[in-house]
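Visitor: What follows is the residue order along each chain.
Protein chains: 2
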Amino acid sequence: MAQEKEMSRVTEWRIRMADGSSEALAPEAGLACRAWLALKGLIMGLVLKVCNFFRKAWDLGQNEPKKVIHCLKVGMALTVVSLFYYMRPLYEGMGGNAMWAVMTVVVVFENTVGATICKSLNRICGTFVAGSLAIGIHWIVSQSGKEFEPFINGISVFLLASAVTFSRFIPSVKKRFDYGAMIFILTFSLVAVSGYRVDKLLEMANNRVYTIIIGTSLCIMITMIICPIWAGEELYMLITRNMDKLAYSLDGCVGEYFNESGSSSDGDKESDKKLLGYKCVLTSKATEEAMANFARWEPAHGRFNFRHPWKQYLKIGASMRACAYCIDALDGCVNSENEVPELIKKHMSNIALKVSSESSRVIKELAKTMKTMKKSSTIDYLVGEMNNAVLELQEDLKSLPTLFINPQPLQGADCPEKKNTGAVALMDIMPLVTLVSLLIEIAARIEGMVNAVEELAEMGEYKSVADEKNENQPVSKTNVPDEHKEEV
Amino acid sequence: MAQEKEMSRVTEWRIRMADGSSEALAPEAGLACRAWLALKGLIMGLVLKVCNFFRKAWDLGQNEPKKVIHCLKVGMALTVVSLFYYMRPLYEGMGGNAMWAVMTVVVVFENTVGATICKSLNRICGTFVAGSLAIGIHWIVSQSGKEFEPFINGISVFLLASAVTFSRFIPSVKKRFDYGAMIFILTFSLVAVSGYRVDKLLEMANNRVYTIIIGTSLCIMITMIICPIWAGEELYMLITRNMDKLAYSLDGCVGEYFNESGSSSDGDKESDKKLLGYKCVLTSKATEEAMANFARWEPAHGRFNFRHPWKQYLKIGASMRACAYCIDALDGCVNSENEVPELIKKHMSNIALKVSSESSRVIKELAKTMKTMKKSSTIDYLVGEMNNAVLELQEDLKSLPTLFINPQPLQGADCPEKKNTGAVALMDIMPLVTLVSLLIEIAARIEGMVNAVEELAEMGEYKSVADEKNENQPVSKTNVPDEHKEEV
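For the protein sequence lines, the chains are A and B, in the order given. Number 395 in this note's numbering belongs to position 392 of the first sequence; there are no gaps in the numbering. Number 13 in this note's numbering belongs to position 10 of the second sequence; there are no gaps in the numbering.
Think of the hints as simulated: they come from the structure by calculation, not from any bench.
It does not matter which identical chain is used: a pair holds within one copy or between any two.
DSSO-like cross-link-like pairs, simulated, lysine-lysine; straight-line CA separation at most 27 Å:
(1) Lys177 with Lys59
(2) Lys277 with Lys318
(3) Lys348 with Lys401
(4) Lys288 with Lys314
(5) Lys177 with Lys288
(6) Lys59 with Lys288
From just these sequences and the hints, can you work out the full model?
Guide: Written out as structure tokens, the structure reads:
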């Protein structure tokens, strides 16, 4: 602090005046000078922030061109609906109905097809149901006399708004009809407040429903026709991508442990990043749930039919996370300071690497099953191989004491010495034992993944690779099963 | 299937007709009968579903009365704003401006104060900025001549809508201004479509901004005055509750392992549920993030000031999740089939239980620090104790081979036999070694939690318990630090 003050006293600041002369700023003018510096700093900081912001935006756009396309689609939909209404002066006053179409497009147009359809249907249904109900109540009120109107209106708004708001907390409603419930409250309140006569209301409601239908249809059409982003496909891609990451991480973590010096030479950061791929699995729960939620609204697209079992993807995701927890624990234990003696590490490395590579092969095969959407013919074999490797690993662990007591030429020494050797080894090989134990646990959890994927294959009626081959061959009569014969 | 058919043939169905006679349904009428059964099943299923739905809703309401209160608050706010506008026929046509107030209340009123304020400010700013910009462009258009109007409008809507939609993908915007961006697009498009003259527009914009401000103020007032639900407090409660759960789970899992028969007697399901408390930590990431996001909008409330470091809570949450991953792995490894010999298990149980209880004591102390919002005076001591226990555990593990070679009276046997004993033991004690290893890793990760909480205590300027005691005592002159003396 004291140093700084000295500095500012020594430095001389000059300001060039408008008439060309320059004036030295005496230390007394330090306030103005400091204020200028502060302002400059502020502006520079702001400029830097804005630059950063735009750079980030640019990166985002480059990495995910789908998002850019989505933005252009929104712009297009809005322009079309705006101009459509702008061009037709037949509508009363413009402000009225055009507004609802524009509003619908802005509010309903979402990133994925599923989300757009979900919001569209919610909006239409919410408006329709609430409108009908409100008009019905309005009619009753109009029959009962003017003086009760505010009370009945007030009470009905209060009760319905409270009840429907509460329903939005119920998970099953929240998942699917959250937006519809909001629109219900909105529409009902608007009609209750409007104070129009019933016939006027009917006309208005009519117009409004049409406008909303036009708006939502436009949105759904644009979102489905121009480079559609399907929530289902996004979910599917997320899961398969995460599976690959999981396989790579598992392989990588174990590999890195046994071969620390070798792998760090090429592209350190890149491989580190890949090793941490399992963290993506840990953090993708919320995205998976949102996507699965929207996917169920989507019509058949690509290789997915309408009732594709999207919920099963959540189960697969959960089983993957269970694996990822173990990998995270493994990553932690393995990086601890205890150094396992090289000899033992070497002895175990082959079989541990085999387990991890067999395990990740199973995961890769699962990813392949998902990618090709065909039942794998080799998965049982691979799981068997994985389990064999696990057994082998356990066997090898059993042989370990023999190893770590033998290698030193201790044959002549007596028992207490040997105990000591054993003692050192047990403590020292703890990370290794833990790694083995976690590998075994990971293998068990991978079987959970296998089950989840197999259930998906059942539910989604995946064909097995063998069936596919049969289909490609000409069908001989003898091959047709009994039920089919009757039809033939 | 065949059996079923037979059944339906044997059973005789009778229908009571309107005139009182009854008619046996011959097997030929099976179709009607089946249709009736199907319909009955459908209706019963529906009734059951509806009953279930209401039971769930009732449970939800009982468990979380806060949510019920929120619903009543929404109902109240809507009724107030509706009646307010309904009662004042001075407003032109009612439909116009009342609509915006009602809409604002419906859309803006959220569960927590933070979310309501966030949406309110976003709505006001979005409307204001977009309105100003749109009116500005409108004015330029009106100067340039009627024929260009549709083009300029269309292009400006397209460009702005695309750009702002894109900005909603940028994380920093998405977190805070997502709703504002949507409102911006909405308002801008509405004004562009409206086609009014500038002076009319200004009047309308004026009215609309006022209406929105009235609506949002009402929401903010109601949400803050009547039983407010603060996002910050919810986050704080979630984190402290999760900490307690974590401590209990850790203690419980290790305890259960060493004392399987003892604990299972009392309230099995209840304790099982508590043991799985760590799973709450695993799944609460999304909630934590949302709450932290809203909490930053909240004014000072309760024990939290305006700039309370809510972001730090996310760090604490992340460090807790890191612990929970290990507990999950531990839970898996520990429940594996390998049975550790009772003797060794007993030998290790004391110290392992000590580590787990010391660890969970640290976690509980952290939870206490958070609950009391005072720096703990004992946390360093407790962490020391935990680390000592870990060291002791490691020492004990070193002594283990002595133990498992000694107990059997094998002194007379020669070395190969001993090797064998050692070998069996190593394989068998693998779960135990893994448990120890994971306990050590958990202790290390708990230190991460300690750091995160200590950072929070620094940032939030928590007082230490000792300071507090000093404050409560009459301040003696000699105790006052130098700086204070000057002030005195």
